[in-house]
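So the sequence lines, in the order shown, correspond to chains V and Z.
So that you can map any letter, position 61 of the first sequence is 61 in my numbering, and since no number is skipped, the others follow by simple counting.
So that you can map any letter, position 74 of the second sequence is 74 in my numbering, and since no number is skipped, the others follow by simple counting.
Hint data in this document are derived by calculation from the structure and do not stem from the laboratory.
Heads up, none of these hints are tricks.
Pairs count within a copy or across copies, as identical chains cannot be separated in the list.
EDC-like mimics (lysine to aspartate or glutamate), calculated; alpha carbons at most 20 Å apart, straight line: (1) K188 x E10; (2) K227 x E191; (3) K188 x E263; (4) K302 x E152; (5) K302 x E274; (6) K227 x E10; (7) K227 x E175; (8) K131 x E175; (9) K131 x E120; (10) K302 x D272; (11) K131 x E165.
Computed from a predicted model, the values in this text were never measured in an experiment.
Number of protein chains: 2
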Amino acid sequence: MTIPSRPSVEIVEVGPRDGYQGITPFIPTDLKISFIERLVSVGVRRIEIGSCVSEKALPQLRDTHEVLTACVRIPSVAPQVLVPNQRRGEQAVNAGARTLVFVLSVSESHNRANVQTTPEQSVDEYARLLKAVPSEIAMRLDLATAFDCPYEGRVQVAATIAMLERLVPLRPGAEICLCDTTGRADPKHVERLFSTCISRFPNVSRWALHAHDTYGRGLANVYAAYKQGVRTFDASFGGLGGCPFAPGATGNVATEDIVYMFERMGMATGIDLEALVAVARDGAALPGGLAGGRVRAAVTAKVQMQARSASSKA
Amino acid sequence: MTIPSRPSVEIVEVGPRDGYQGITPFIPTDLKISFIERLVSVGVRRIEIGSCVSEKALPQLRDTHEVLTACVRIPSVAPQVLVPNQRRGEQAVNAGARTLVFVLSVSESHNRANVQTTPEQSVDEYARLLKAVPSEIAMRLDLATAFDCPYEGRVQVAATIAMLERLVPLRPGAEICLCDTTGRADPKHVERLFSTCISRFPNVSRWALHAHDTYGRGLANVYAAYKQGVRTFDASFGGLGGCPFAPGATGNVATEDIVYMFERMGMATGIDLEALVAVARDGAALPGGLAGGRVRAAVTAKVQMQARSASSKA
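Given the sequences, and given the hints that come with them, work out the whole structure.
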């Protein structure tokens, strides 16, 4: 693989975690691994492969350790694992994780629903996690309800900043991902929050956006963050996803939609769009999957039309 | 109705023209008029109610004169009619039209497919139309394939500017709408084209964007245009639409998606979102309709959930 000479963005494929977690029928472990291998083969490099949480809370992700073990053997993939506390973080590292994603919410009610603690307790837990795992483990912080909460509505920019004032000093080098948990963020809000964060916390090495497309604003929000300098974006193949604790918030922004937009803008993603669409089609067809995005259908129709045209000429 | 004190955007509802024209089963004239009345009742003010073209080219719109006659009697609606030439423009004015939309394409192959002439001939036709109709008739210019052509691919900014150099001086006061005919425009392209146009043609009173959502970029492109100062946006209720000459380009950006985004951004649209969603639901259910957008499904699910919750409490 050659290093792209065009300016580039980094796509973090979160389908195997956020896309799967709300799906009830268990996706066999082999199939999960096969999807990861296929995603890698189309050029995806960074993948959130699961979540180390209680089997009762998210039965779909109960095989995350096995998936992680398999990923460690796949060349050129950078797997990351979501963890809610120190104990799970240590388990993940022992299983081979080299990037951990620690999640907490700005809003108290969502944090209680998601990880059964107050945000303050989660901040303390993050501090304990940082002390417990070796410093070479890369750390990402997923800040849920950074824009809006399913229970409390719009989250003020000041509230998110106040939370970051406590979190950032604990490890300034951590990547920070602001999550639009409900999909209700608008691009103006995204612009304001990122512009405030980036100027307030200049030492943060990398900012990311986790966008949902529930109300069709996924790519608008991605573009707004891009304009502020953000270059790392979460996305889910086939637009699979949603938060089980955020009613109606189905649909991460689709990886194929975000790839097509950035490639069209002249930004390299390293991902082969047409090959990705084939994987996305199979992902969207998973029993119980809540799929989204627009590029999958449009590109599939185009490919079928070209195939019909070629066969009629043959 | 009170005049909104918040900053505002203007939504041009084009469903009754662009949304309907690709639908094969004839939508009865009474139903068309009823949809317009319902759209007006939820706050929509400006509506493209049809197109004066040959019945053979667009049989669905063969009743545009009757629809226009009915619209003239509806209070507080500003109907506009699309016309491809001088003769049709005069017919529309005689039938009561007070705003005409003249359409031509930047790319030759699309202009030939759409109106059977070269772009140069269309420019001359526009000049004839301007001379033929009274000066109090408001004029909008729809510039199709301003970003991308289904036959010729990406349209260079310079090509669109060159076309505008010929068109703008003919009537500097005309509104100009740049149309993303294929939905393949990206927000960076939208930003560049509008920023160039606005600085190059400072006397143009109003710029508009006609966005399609084929690849999920509808709202991203709307936001990019908004950032350049554009405040007038075409949209289609239920996301109905597409160009019969642009294969795969189904789906204008949905009115309900654009309304929700701007309202969330603090911009007034004058439109009642929940009431609009009910109309959009019925529009999307039209036999043969190609619907799109995300807000319709998400808001419908929320309203149903609230209704279930209320009835279980009763």
